[in-house]
Amino acid sequence: MGLLSDPNRRRALISLLTRLNTPICLVCYMAGVAWFMGLAFEPFTLRTYMSENAMGSTMVEERFPAGERALATGREFAAHKKKVGGMPVDWLVKTMQARGLEVFTQSFSRTLPFPDENKERYMVKGTNVYGILRAPRAPRTEALVLSAPCSPGDNNQAVGLLLGLAQYFRNQIYWAKDIIFLVNEHDLIGMQAWLEGYHHTNTTGMDWSPLQGRGGSIQAALSLELSSDVITSLDLVLEGLNGQLPNLDLANLFYAFCQKIGVLCTIQGKLQRNDWDSVSGYSHAVQTMMLMVMKQASGRPWGDHGLFLRYHIEAATIKGINSFRQYKTDATTIGRLLEGMYRKLNNLLERLHQSYFFYLMPSLSHFVSIGYYMPAFGLLTVILLLRALDLWVQLTHIFTGRYLSIYSACIGNSPLLIKYVSSQQSSPGVLSVLTPLVISHLTGVALYTLPIRFQEMAVEHFPVSETEAVVLTAIAVYTAGLALPHNTHRFLSGEGTEQGWRVLKLVAVLYLAVLLGCTALINFSLGFILALTLVPVAAFVTPHIPKVLSAFILVILSPACTLLFSVFFFQELQEMPVSFQDGWLLYLSVISQGILDHFLYGSLVYPLIALLVYPCWLLFWNILFWK
Amino acid sequence: MAAPLTLLLLVAVTIRAALFRSSLSELIAERVEVVSPLTAWKRVIEGLALLDLGVSPYSGDVFHETPLIIYLFHFVVDYAEITFMLADVITAVALYLAVKDYNKQVFRKQKFALEADRYPLDCLELIRSPKEMYYIPLKVAMFYLLNPFTILSCVAKSTCGLNNAVIALFILSTIKGNVLLSAIFLSLATYQSIYPLTLCAPALLYLMQRQYIPVNFRRASFWWFIVQYAFMYLGSLFVIICLSFFLLGSWDYLPSVYGFILSVPDLTPNIGLFWYFFAEMFEHFRLFFLCVFQINVFFYTIPLSIKLKEHPVFLIFMQLAVISIFKSYPTVGDIALYLAFLPVWSHLHRFLRNIFLVSCVLLACSALFPVLWHLWIYAGSANSNFYYAITLLFNVAQILLVSDYFYAFLRREHHLTYGLYLKRKDGSEATLVLK
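Residue numbers (the working numbering), protein chains in the order written: chain Z, 314 to 940; chain R, 14 to 448.
Hints should not be assumed to be uniformly reliable.
A short, non-exhaustive set of chain Z residues, derived as facing chain R with CB atoms under 7 Å [what the hints assert, rightly or not]: (1) F670; (2) W705; (3) V827; (4) C831; (5) L834.
Label-pair ranges, simulated between beta-carbon atoms [unchecked claim]: (6) R:H387 to Z:T335: 53 to 59 Å; (7) Z:E415 to R:L275: 28 to 34 Å; (8) Z:T335 to R:P133: 40 to 46 Å.
Partial pick of chain Z residues on the chain R-facing surface, computed with a CB cut under 10 Å [claimed, not checked]: (9) N555; (10) R664; (11) A796; (12) G830; (13) T832.
Treat the hints as calculated values from the structure; they're not laboratory data.
Being a predicted model, the structure only gives us computed values, none of them experimental.
Note that beta-carbon positions come from the ideal geometry of N, C-alpha and C, so glycine has one too.
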């Protein structure tokens with residue numbers, strides 16, 4: 314408290330902070346980036362360990378024998394699917410019933426706000442089929458879910474394995490939780506319909522028939538994706554809606570069983586490496602972590618498990634990958650792995666909660682927890698606070714300077730001088746700050762609403778498809794926003810004053826700090842990427858710097874360009890570099906996917922960018938062109 | 014001045030009416046920051062339903078408002094939205110008139126002091142000019158009506174708005190010098206939520222100052238005034254309590270309202286300090302810490318009244334802040350009431366030390382409340398510690414804000430007596446240090 318009350322020490326500290334503001338800011342930025350890059354360095358990370366006692370020491374035996382039969386079922390499923398030309402509902406119901414499950418179906422339909430060109434769908438109609446294996450050992454208050462999406466081309470082996478496991482599980486007596494075997498059509502849309510039906514909610518305005526049968530409250534869920542009879546490795550996908558992650562114990566469980574059974578396992582499609590002390594080993598870890606950061610920041614579900622997380626259900630997707638390696642794993646082994654995982658999950662006494670929910674994984678065996686990665690973000694936000702402090706001190710100096718001049722005028726008793734001073738005293742009007750704020754937010758609202766509203770009109774007048782119309786309208790509104798607001802405050806409040814922009818910048822900097830802080834708490838990756846680009850903008854922008862160059866830098870660091878770079882960077886990380894032409898097309902499809910994700914599943918990234926981040930960036934644009 | 018005030022009222026009512034019509038109102042009414050178990054509208058509805066069924070509204074441990082409130086809404090439940098908007102308008106107008114009157118007195122006092130040459134010469138810049146004081150009442154009304162906290166509280170139909178209206182009327186009648194009305198409104202405020210009891214100290218000091226009765230324990234006039242006020246206060250309290258009894262026909266409400274406030278059985282998270290502390294505590298310490306926490310609210314009255322004997326209106330502000338920070342079920346509506354007084358002390362700005370830090374923290378915390386609530390309750394990835402950390406920070410910031418204003422007020426008074434540019438004995442420049 315000494316610092317808060319002792320004026321001398323405060324003065325010393327504040328003068329230090331204002332004098333060395335720029336160097337401190339630079340150092341903080343460097344340190345933040347360096348800290349973040351250091352997170353992938355293995356000695357700085359923690360080894361994963363199983364925190365949940367119920368899943369730890371009790372070893373289980375895996376005896377699933379029927380891999381070949383499961384594959385045969387998968388082939389049968391594929392044949393029926395081809396015959397029906399979609400989901401073979403009747404065959405699935407019959408097969409599940411033959412395996413002794415309680416079988417139910419749910420039909421759903423959904424019209425997308427505009428056609429999805431990636432998956433070629435607009436009016437979606439489908440049916441989910443699920444069978445419940447009732448728990449013989451306990452009062453059926455809890456349930457586990459195993460799901461496999463029924464997609465047009467592949468994933469037949471997953472459905473086959475799911476049915477094979479159902480048959481095998483039916484004969485075991487140790488189940489204490491209901492197990493729900495779900496085959497969902499139209500991947501995430503079907504999953505959304507099923508989850509909403511299961512929990513009696515309707516958040517996105519989808520039509521679905523109510524569920525006829527229900528198990529207990531779902532504790533954990535796995536989604537299975539297999540497209541070949543043998544696989545070389547299993548990939549674990551964790552990132553869910555809005556960057557939510559399942560409890561780390563679920564990943565630990567998967568890793569532990571892969572180790573036990575001897576299956577190659579990957580995360581982000583990257584194998585584990587042991588040479589952390591070499592440059593290539595470190596860059597491998599960085600790549601893995603950056604891929605996770607990019608995927609998490611996108612806020613979309615990267616597998617069918619992604620929507621479970623919203624209902625407080627720990628879930629992950631397991632993907633079988635078949636590459637050109639020699640060492641192959643057959644379906645029986647995958648079945649044994651899943652059996653082991655479900656038996657351990659069956660032992661749970663309470664929801665998975667012991668381990669971390671906020672983490673990044675540079676490899677499957679190591680993780681970075683929130684306490685380690687938050688300082689990287691904190692160092693970036695400190696810059697904003699320091700700039701705000703600097704502006705505050707400047708503003709108070711201007712005001713106290715005025716006080717002194719009034720004081721001397723009063724002492725001198727010259728009426729003219731008093732008049733002059735008091736005419737100077739008009740402080741920056743509320744209007745000069747409020748106007749840019751309101752206008753930039755209105756632009757944000759336009760960016761949020763217009764693309765969907767105007768698609769029909771755009772399609773009528775221009776030779777574009779609906780999806781293109783939506784994306785291009787979004788880009789047009791975004792660009793129009795740059796031209797619009799930066800002159801408006803002058804019409805309302807006359808010439809902008811020197812303090813006017815300082816007050817506006819103070820507001821904008823604090824706004825950005827709070828906005829980024831909240832974003833980083835919900836979705837660290839998104840917050841960090843936005844901070845990386847927006848903090849320098851917020852720190853350096855003033856009306857007195859060369860206009861053209863800084864306008865160029867500002868545009869480069871704007872949210873839309875950040876997204877463009879992220880697309881290229883993501884492709885680079887996945888070792889699938891694209892040409893600029895393809896990259897641009899990919900960028901357009903990413904925007905349309907982002908908008909669709911918002912309207913279909915309730916992802917928050919699009920409204921966040923359109924309604925809050927973009928207006929905030931416009932404020933800085935406004936300051937640059939302050940006159 | 015009436016035109017801007019009318020415009021302000023219109024704007025405020027429009028904002029509220031628009032929010033009442035939007036889908037946001039249901040969301041806001043569920044927020045724990047905005048409604049407490051005492052003030053939630055949902056619970057009032059429950060109480061009304063029980064009352065209509067002929068059951069005591071207090072059976073079932075859901076409803077904890079006072080009988081007068083439930084009988085008020087028994088008649089105006091169809092016009093609840095208008096009632097709450099009206100309550101806000103009454104609060105704002107009452108504060109407006111009160112501050113206007115108070116400013117007049119301050120100015121008159123300052124004039125007398127100037128004429129008597131009581132201020133040191135170098136304090137001229139501390140003198141307040143009528144020009145800068147002219148807009149203060151309007152600013153007070155604006156701070157109350159357009160404060161997001163008040164708007165949220167009103168849209169959630171939190172009965173806190175009614176309590177605020179009663180307290181504002183109490184302040185108005187006190188400042189106007191009406192002893193009887195002051196006592197009646199004070200007893201009504203006490204009846205509503207106990208804690209405003211501590212406001213009797215500033216009210217007494219103010220009324221005595223106005224009637225030129227010296228605060229002196231050996232004077233008969235001093236005691237006579239206290240007895241008069243106490244008689245009016247206790248008499249009206251007695252009438253209200255008996256009225257409640259005759260309305261309900263039972264004393265059920267005493268344990269259910271006042272027992273509920275004092276013994277804090279409902280540990281729903283809110284922006285206060287009680288819930289986490291008492292959720293974590295071993296049961297056999299509960300009574301002891303309950304006493305400590307509750308005495309804490311009342312205790313500040315004594316030192317503050319001694320220190321601010323000459324400035325009862327500032328004392329009211331301090332007391333309101335202390336109550337809203339330390340009471341058992343605080344909501345943002347309580348905070349809004351004392352925040353409305355900040356423009357009155359705008360002349361203290363040059364002595365405030367941490368206002369930047371504190372306002373940043375308050376701003377950030379207000380934004381973080383819903384985020385951490387989401388992470389804790391919906392996403393399940395954070396836990397109660399995250400939320401409580403923000404609550405704690407929010408309250409520390411409030412305490413810093415209030416103590417900063419307290420310090421600034423005392424410092425200005427000090428300068429008005431001893432001059433602005435203090436010299437040490439050896440002639441060098443001195444600085445004031447608070448230790």
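Right, here's what the structure says about each hint:
1. At its closest, the beta carbon of F670 of chain Z sits 3 Å from a beta carbon of chain R; the interface hint therefore holds under the 7 Å criterion.
2. The restraint placing W705 of chain Z at the interface with chain R holds, with a minimum CB-CB distance near 5 Å, inside the 7 Å limit.
3. A hinted interface residue such as V827 of chain Z counts as satisfied when its beta carbon comes closer than 7 Å to some beta carbon of chain R; here the least separation is about 5 Å, so the hint holds.
4. Of the supplied interface hints, the one on C831 of chain Z holds, with its beta-carbon coming within about 5 Å of a beta-carbon of chain R, less than 7 Å.
5. Given the 7 Å rule on beta carbons, the hint for L834 of chain Z holds: about 5 Å separates it from the nearest Cβ of chain R.
6. Distance hint for H387 of chain R and T335 of chain Z: a CB-CB separation of about 37 Å, inconsistent with the stated range 53 to 59 Å.
7. For E415 of chain Z paired with L275 of chain R, a C-beta distance near 54 Å fails the hint of 28 to 34 Å.
8. Take T335 of chain Z and P133 of chain R: their Cβ atoms lie about 42 Å apart, and the range 40 to 46 Å holds.
9. Evaluation of the N555 of chain Z hint against chain R yields a held restraint, the C-beta minimum of about 8 Å falling below 10 Å.
10. Because the beta carbon of R664 of chain Z sits about 8 Å from the nearest beta carbon in chain R, less than 10 Å, this interface hint is met.
11. The beta carbon of A796 of chain Z comes no nearer than 30 Å to any beta carbon in chain R, farther than 10 Å, and the hint placing it at the interface is violated.
12. For the restraint placing G830 of chain Z at the interface with chain R, the shortest Cβ-Cβ distance is roughly 7 Å, inside the 10 Å limit, so the hint holds.
13. Checking T832 of chain Z against chain R: minimum C-beta separation of about 9 Å stays under 10 Å; hint holds.
The earlier numbered hints that this structure contradicts are 6, 7, 11.
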